[in-house]
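Novice: The chain contents come next:
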Amino acid sequence: MTDSIEYRGVHKISGPLIFVEGITGVGFNELAEIRGDDGETRRGRVLEISSGVAAVEVFEGTTGLSTTSTSVKFLGRPLTIPLSTEMLGRVFNGLGEPADGGPVPFTEDYRDVNGLPMNPYSRDYPTQFIQTGVSAIDGMDTLVRGQKLPIFSGSGLPHNLLATQIARQATIRGEKEGFAVVFAAMGIKHDEAAFFKRSFEESGALKNSAIFLNLADDPAVERLVTPRSALTLAEYLAFEQDMHVLVVITDMTNYAEALREISAAREEVPSRKGYPGYMYSDFASIYERAGRIKGRKGSITQMPVLTMPNDDITHPIPDLTGYITEGQIVVDRDLHRRGIYPPVNILPSLSRLMKDGIGKGKTREDHGQVTSQLYSAYSKAQELRSLSAIIGEEGMTDKDRDYLKFGEAYEQRFLRQKFDENRTLETTLDLAWQMLSVLPESELSRISDKYVKAYYKRS
Amino acid sequence: MAIQGKIDKISGPVVQAEGVSGLEMHELTMVGDAELIGEVVRIEGTSATIQVYEETGGLKPGEKVVGSGMPLSVELGPGLLQSIYDGIQRPLDVIKNLTGDFIARGVKTPALSRTAKWHFVPTAKVGDSVIGGAVLGTVQETPLFQHRILVPPNVSGTIAEIAEEGDYVIEQVICRLRGKEKGVTELKLYHRWPVREPRPYIERLEPSDPLITGQRIIDTFFPVAKGGAVAIPGGFGTGKTITSHQLAAWSDAEIIVYIGCGERGNEMTEVLLTFPEWKDPKSGRPLMERTVLIANTSNMPVSAREASIYTGVTIAEYFRDMGYNVAIMADSTSRWAEALRELSGRLEEMPAEEGYPSYLSSRLGEFYERAGRVKALNEQLGSVTLIGAVSPPGGDFSEPVTVHTKRFVRTFWALDSALASMRHYPAINWLTSYSEYTDYVENWWNALTNGLWRQSTIKAMDVLKREDDLKEVIRLVGSESLPENEKLVMEVARMLREGFLQQNAYDPIDTYSSPEKQFKLLTAILSFYENSTKAVSKGVPVSRIMALPSLADIFKLRMSVPGDKIDLIDKTINKINSDLSSLEGKS
Ligand SMILES: Nc1ncnc2c1ncn2[C@@H]1O[C@H](COP(=O)(O)OP(=O)(O)OP(=O)(O)O)[C@@H](O)[C@H]1O
Ligand SMILES: [Mg+2]
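Protein chains in written order, with the numbering used here: chain A, 6 to 464; chain B, 2 to 588.
The shape of chain A in the complex, shown without the other chains (with noise of 0.2 Å):
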């Protein structure tokens, strides 16, 4: 242990960054405690040591901070965070500390925030469904447990509301048990974080949560540890107290701009639209704390949202994320002003996952076949609705007709429903059932014949 000494004075402050010269014994990603003027204890993390100086990312941010008066302190441990199940009914900040007026809860282990990857061999395979009541999801893109699944938003689009939704509704059938639910918000407006904090109230959820919030007037760096403290606690209510967590990470965008601000601030080269070229395996050092481990009883399934810069899902953001998670919901500019909710589109969407958490004795056996039927009616009838925009309707087939009648009956009745509508499995299949019967039989070339017999009805 270092016994701490104090260095007075830094050498250089830049953006969140600040150089402590002629540093010994101070190791490789240690935590620091910065002392400026006002006599608040800011933190902070050692980013690189290179002959004696140390260059410290402050997270509470520099500002107030000058060369003179600055003393810093290093701690000889990483950042850690203090658990226990005590933390579920409470609202904390992105260091982990409360943010609710309420005392620290009593402390039961304390864990670096960073982790430690999980072994690939160590892995158990996501295969149970999970059922979040909301058609488009529990129908198309399945969410199973341990998942990473990340909901591909834009500004100004639905997407709290459905991640709320989710989070509320989201069982797994036979079990009474729900989800405890980890919720990290980073850069968040005030009125986004009292929607967060009062749905959850209104639902009871919050005795099962725990929510981690930074603000978007709260320090940028902060942003970058905020997720990890969140992730860190569902670690140890998962693996060591056999809980099933669902973690909501809300919004990644904000994140990922903290992440280009403190870059910049070091100086690095920087890859496309200025984000670090280490952003992949940055956003990897998060997505990939979901899964379940062999012969324990808990696990993690992860919900991140992100906004879209300009819709564009090329963007780097959305583009390394879902590189790195089990796919993604897509939620539609389009769709939302057509007025339909929960607006996702099903085509760029795509839960990996979900072939083995689906079909007889997990869902239903129909479950598999019925989807890819309705993705393939689905994209067919986008197609020709374009067409008719420019042919119009007359220069139509009967079928094609159909086809159109089809994809209206499927956005307004199955893919719309209310935010606290919350469907069984049955009720969607069903749902979907009728919406096929829309098309003629002979449409359904990828329903075997014996459920077309068992389920289908021509409308």
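By construction, these hints were calculated from the structure, which means they are not laboratory data.
Built from N, CA and C at the ideal position, the CB exists for glycine as well.
There may be inaccurate statements among the hints.
[Claimed, not checked] Residues of chain B clear of chain A, computed beta-carbon distances all greater than 12 Å:
| no. | residue |
| --- | --- |
| 1 | G70 |
| 2 | M71 |
| 3 | L82 |
| 4 | T116 |
| 5 | V136 |
| 6 | R149 |
| 7 | A161 |
| 8 | A164 |
| 9 | P199 |
| 10 | R205 |
| 11 | K376 |
| 12 | L378 |
| 13 | D440 |
| 14 | T573 |
[What the hints assert, rightly or not] The calculated EDC-like cross-link candidates involving lysine to aspartate or glutamate, where the alpha carbons are at most 20 Å apart (straight line), are:
| no. | chain 1 | residue 1 | chain 2 | residue 2 |
| --- | --- | --- | --- | --- |
| 15 | A | K360 | B | D508 |
| 16 | B | K61 | A | E11 |
| 17 | A | K458 | B | D554 |
| 18 | A | K404 | B | E492 |
| 19 | A | K302 | A | E182 |
| 20 | A | K360 | B | D511 |
| 21 | A | K455 | B | D508 |
| 22 | A | K278 | B | E355 |
| 23 | B | K472 | A | D405 |
| 24 | B | K557 | A | D454 |
| 25 | B | K61 | A | E38 |
| 26 | A | K299 | B | D102 |
| 27 | B | K280 | B | E290 |
Mind docking chain B with the ligands on chain A? Use the hints.
Specialist: Just chain B with the ligands now, kept in the frame of chain A:
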């Protein structure tokens, strides 16, 4: 004597050490009190820059750095198969036993078990004069695989002693060689080889046989030859990993090396769970018995990601040198390139395009050059087929990694986001993909198909190209106004897409298509095309042809006809053809 110095600077995975003159480039080093594993990547005067393969948190300036005297190497011998290694060949199952479900740092464990016993059968005898690469004997490593124990490439001499048949652990000496100058060399069941150095061979040979993958669009339209190099580029969710898994599962290679390079943990788990259950189509043995896995998932240290592909390809070359055909999948080479970029940034090198170092292209070239069909040192023929996934940012193929990769591979399976979102899998775009191996493998295929293969694939591709042109027309005027023969082209193209090109990896029958089944399916569709063209020319409307109930079957053949009953395909097509002629009769 081991060279020892001190840490001076730490920046992420890169550490600078002072007072270490004498360390060699690429030397394996122990860094810090925790003895983290690192490799020397730059030397300047008395200081060396070391890339550390583990998390560097907590390392302090002043801690020691110790050289090992040898380059970063892999252990090659019995026990490789069915293993799952990290990027520097540490067995993840052993690590789990040592440190639990989360990977801790500073774990030291050999790659090959020191206690497992192998049944060695000598094939060489005392007095034989042997050179590097010669086979000393065999070990039946798994029921699927006979391991040949090789003299290391740089060793030769006369056998003075060789162990008799029996069970040995790998550290036991099984052979003593008397060299010309050097005296006696002791050989064990394994040897080491530096990962960054390609293993030597006598000569490179032209490719000749296809690597049969059981994937129709690949084998039939864009084949890869044994010893070839392929890129699979595609945006997220387009099917790189599933395609790689399919190739690992069904390719007719004797050995598979699968590298999960900076990708998902769950994907490695999936392989670990499914491969022991899936059976090799020929022998019926679990696929795991011919497989080596290397996993550096995206949350594992980034420098080990850079090393992982070299670890993998060196293991592949070792099996090649025994005279086997090896196929290696690297998913994804983009993550490797990004690791290279990150490390280069830490080394404060001048960046070239998009922050990548200027040597990106040459490194890619060196890597893909390690693919090939060769005459090994022992005169056996072996091959390494290299299949690299590429993950272009935004799915844009004009980015540096895709562009440079294209220069070194001869087959390009372009995955297409539009196809993927229509759930057309595998989402390999048939208009933008290519293979330069078609000429090489033509003889093989023609022998199987009475010389008909090439012309059939050309005919089918022609239909698909015409569909693409006609789509433009339809976009303007709708499909109703097309002439009948063009309507037919559209229908046949759909048949090719849905009944042939699409292949569901999760369907127990469709997942693997033998070359015979592939050709029969293709012939069936082409024969329908030919006969229906005749019918149309005699005035039968396409709508009536397509209304034939028997036609629905042609779309389902790929899933309904098991590999051992492919004659059923003939039956279906005969029925369709006779229905067609009765239509002609009526019109
Ligand atoms: N041949 C196939 N058969 C059935 N489904 C497939 C096939 N190929 C791809 N898919 C579907 O596409 C999804 C995505 O495929 P995959 O994981 O291979 O994408 P990827 O290109 O590796 O993406 P990433 O770059 O994000 O890793 C799969 O989860 C599966 O649902
Ligand atoms: Mg992949």
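Novice: Work down the list of hints and note, for each, if the structure agrees.
Specialist: Results for each hint:
no., hint, result
1, G70, "26 Å, holds"
2, M71, "27 Å, holds"
3, L82, "16 Å, holds"
4, T116, "19 Å, holds"
5, V136, "33 Å, holds"
6, R149, "28 Å, holds"
7, A161, "42 Å, holds"
8, A164, "33 Å, holds"
9, P199, "28 Å, holds"
10, R205, "35 Å, holds"
11, K376, "37 Å, holds"
12, L378, "35 Å, holds"
13, D440, "35 Å, holds"
14, T573, "16 Å, holds"
15, A:K360 to B:D508, "11 Å, holds"
16, B:K61 to A:E11, "17 Å, holds"
17, A:K458 to B:D554, "18 Å, holds"
18, A:K404 to B:E492, "15 Å, holds"
19, A:K302 to A:E182, "13 Å, holds"
20, A:K360 to B:D511, "16 Å, holds"
21, A:K455 to B:D508, "18 Å, holds"
22, A:K278 to B:E355, "10 Å, holds"
23, B:K472 to A:D405, "16 Å, holds"
24, B:K557 to A:D454, "12 Å, holds"
25, B:K61 to A:E38, "18 Å, holds"
26, A:K299 to B:D102, "9 Å, holds"
27, B:K280 to B:E290, "10 Å, holds"
Going down the numbered hints, you'll see the structure goes against none, and every one checks out.
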